[in-house]
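Number of protein chains: 2
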Amino acid sequence: MKIVIIGAGNLATHMTKALKEAGEEVVMIYSRSEESASALGEKTGIPYTTDLSLLPDDADLYIFAVKDSALESVLSSVKPNSGIWAHTAGSVDMNIFKDYSERGAVFYPLQTFSKEKEVNYREIPVCVEAVRKEDEAILMSLASKLSDHPEKVTSEQRKYLHLSAVFACNFTNHMYDIASVILKENNLSFDIIRPLIKETCDKIMTLSPREAQTGPAVRYDENIINRQTGLLEDPVLKDIYKLLSKNINNYSKKK
Amino acid sequence: MKIVIIGAGNLATHMTKALKEAGEEVVMIYSRSEESASALGEKTGIPYTTDLSLLPDDADLYIFAVKDSALESVLSSVKPNSGIWAHTAGSVDMNIFKDYSERGAVFYPLQTFSKEKEVNYREIPVCVEAVRKEDEAILMSLASKLSDHPEKVTSEQRKYLHLSAVFACNFTNHMYDIASVILKENNLSFDIIRPLIKETCDKIMTLSPREAQTGPAVRYDENIINRQTGLLEDPVLKDIYKLLSKNINNYSKKK
Chain H
1 MKIVIIGAGN
11 LATHMTKALK
21 EAGEEVVMIY
31 SRSEESASAL
41 GEKTGIPYTT
51 DLSLLPDDAD
61 LYIFAVKDSA
71 LESVLSSVKP
81 NSGIWAHTAG
91 SVDMNIFKDY
101 SERGAVFYPL
111 QTFSKEKEVN
121 YREIPVCVEA
131 VRKEDEAILM
141 SLASKLSDHP
151 EKVTSEQRKY
161 LHLSAVFACN
171 FTNHMYDIAS
181 VILKENNLSF
191 DIIRPLIKET
201 CDKIMTLSPR
211 EAQTGPAVRY
221 DENIINRQTG
231 LLEDPVLKDI
241 YKLLSKNINN
251 YSKKK
Chain S
1 MKIVIIGAGN
11 LATHMTKALK
21 EAGEEVVMIY
31 SRSEESASAL
41 GEKTGIPYTT
51 DLSLLPDDAD
61 LYIFAVKDSA
71 LESVLSSVKP
81 NSGIWAHTAG
91 SVDMNIFKDY
101 SERGAVFYPL
111 QTFSKEKEVN
121 YREIPVCVEA
131 VRKEDEAILM
141 SLASKLSDHP
151 EKVTSEQRKY
161 LHLSAVFACN
171 FTNHMYDIAS
181 VILKENNLSF
191 DIIRPLIKET
201 CDKIMTLSPR
211 EAQTGPAVRY
221 DENIINRQTG
231 LLEDPVLKDI
241 YKLLSKNINN
251 YSKKK
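If you're matching them up, the sequences are chains H and S in order.
Quick note on this note's numbering: the first sequence kicks off at 1 and runs consecutively.
Quick note on this note's numbering: the second sequence kicks off at 1 and runs consecutively.
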């Protein structure tokens, strides 16, 4: 399969590497920025360009791994061709392709990518959707070469999947960050809490979050809750603490 | 060292096992409930009682692993003796012992315990404090037999440590729970998001949370933020989403 990658950010970088390792032929990389294009191009030995009009028009698959806000303008700048056009975004409907290609599709890896951190692509669910049934089959087969978790997910489901990922990943990381701020203010190292973070995550690999919930909020220990909100000087953190404690307790009653 | 364990909940259970495995002599277990006392007693082969007046008075260490709210009344029911008295609570000051023992202390394992899930005690930081310097040394030595992370932590620091643990563990788990509710409502399995949760946690083992932050809030992508709050029907979840997104963005400016 001849594949063109449009984009050279974290997601594009990890996907390009995974496709190459799976033996797929990535024929060209595009990035708006010369620096990103050459960085990824040179790392992988794949030809690169910063000019969308220079993309080959005979590839089987064009993967648009650009920022959501840039997607529409990039699509309108690529010359029509007969390949599959797939985007990689959690929050963008597949119908964004309707004016540009009859073979619109989605190839969305559900993961958090940082340039500095390697990931094991086999563990990443890759969510597939396509206008045409046969394209869906092609992309499911490609997804299964990269990952042990190829998944058919509709645009409607994907919106909510992305929303849940914001809670499970971005907001979770923010909880770590708040903990780190509190520790630092009290001359304690973030290292002291890393084992607790690891166990909190490990538990959830086998238990449901409802079963795994512990702490003062689920017991609704008002003594501790009041004392702890009193320790927080930042009014935003106070609000977060109260709101989450109340909701934990509400959920626990629905067990 | 002869040790008495007062309490038979999750924390007491895991600690009793760890002490036994480290070769310490746990001479008696107390629990208010016959059921818990006998369960832990029979599992470990240690004598147990439901009567505080039957505790031996010649042990070296009495570990009070009971609920915060029960601690004061339990302390007042134990006959004075010359052993070290240590509690295991994150949020209780060491001065709770002042009317009951001159050898008050704290032996606080920073972890989330569930009865169903084994933990590796060596990875758990054990936070030690004692009224007397020599007792602090005894407890640090005991902590190092159980754990690779014995830590001296003052009552003042411990309050904030426990607060940070509520964010990093209890509130983090609640983020998983909210994700799970959203997925379920959209006929998606919680399994699909487990790899993302794992990677979010793995990243934090080497990066700082500030470095690891990704998602629409840190980029302040208002398009996605507005669309996602629009998807949430529960007004509490809407508030949580907005409050956390705003705070993530504020933190990112302080990088």
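Treat each hint with caution, since some may be false.
Straight-line distance between alpha carbons at most 25 angstroms, and here's what the computed DSS-like set of lysine-lysine pairs gives [what the hints assert, rightly or not]:
no.: 1; chain 1: S; residue 1: K115; chain 2: H; residue 2: K115
no.: 2; chain 1: H; residue 1: K184; chain 2: H; residue 2: K238
no.: 3; chain 1: H; residue 1: K254; chain 2: S; residue 2: K115
no.: 4; chain 1: S; residue 1: K98; chain 2: H; residue 2: K198
no.: 5; chain 1: S; residue 1: K242; chain 2: H; residue 2: K246
no.: 6; chain 1: S; residue 1: K242; chain 2: H; residue 2: K238
Reference excerpt, derived from the structure (chain H facing chain S, CB under 10 angstroms, subset only) [claimed, not checked]:
no.: 7; residue: K17
no.: 8; residue: K67
no.: 9; residue: S91
no.: 10; residue: C127
no.: 11; residue: S141
no.: 12; residue: K145
no.: 13; residue: D191
no.: 14; residue: I192
no.: 15; residue: L196
no.: 16; residue: Q213
no.: 17; residue: T214
no.: 18; residue: L231
no.: 19; residue: V236
Hint data in this document are derived by calculation from the structure and do not stem from the laboratory.
Note that beta-carbon positions come from the ideal geometry of N, C-alpha and C, so glycine has one too.
Hints versus structure:
| no. | hint | in the structure |
| --- | --- | --- |
| 1 | S:K115 <-> H:K115 | 38 angstroms, violated |
| 2 | H:K184 <-> H:K238 | 18 angstroms, holds |
| 3 | H:K254 <-> S:K115 | 21 angstroms, holds |
| 4 | S:K98 <-> H:K198 | 36 angstroms, violated |
| 5 | S:K242 <-> H:K246 | 16 angstroms, holds |
| 6 | S:K242 <-> H:K238 | 15 angstroms, holds |
| 7 | K17 | 16 angstroms, violated |
| 8 | K67 | 8 angstroms, holds |
| 9 | S91 | 5 angstroms, holds |
| 10 | C127 | 8 angstroms, holds |
| 11 | S141 | 19 angstroms, violated |
| 12 | K145 | 17 angstroms, violated |
| 13 | D191 | 8 angstroms, holds |
| 14 | I192 | 5 angstroms, holds |
| 15 | L196 | 5 angstroms, holds |
| 16 | Q213 | 5 angstroms, holds |
| 17 | T214 | 5 angstroms, holds |
| 18 | L231 | 6 angstroms, holds |
| 19 | V236 | 5 angstroms, holds |
Checked against the numbered hints given earlier, the structure breaks hints 1, 4, 7, 11 and 12 and satisfies all the rest.
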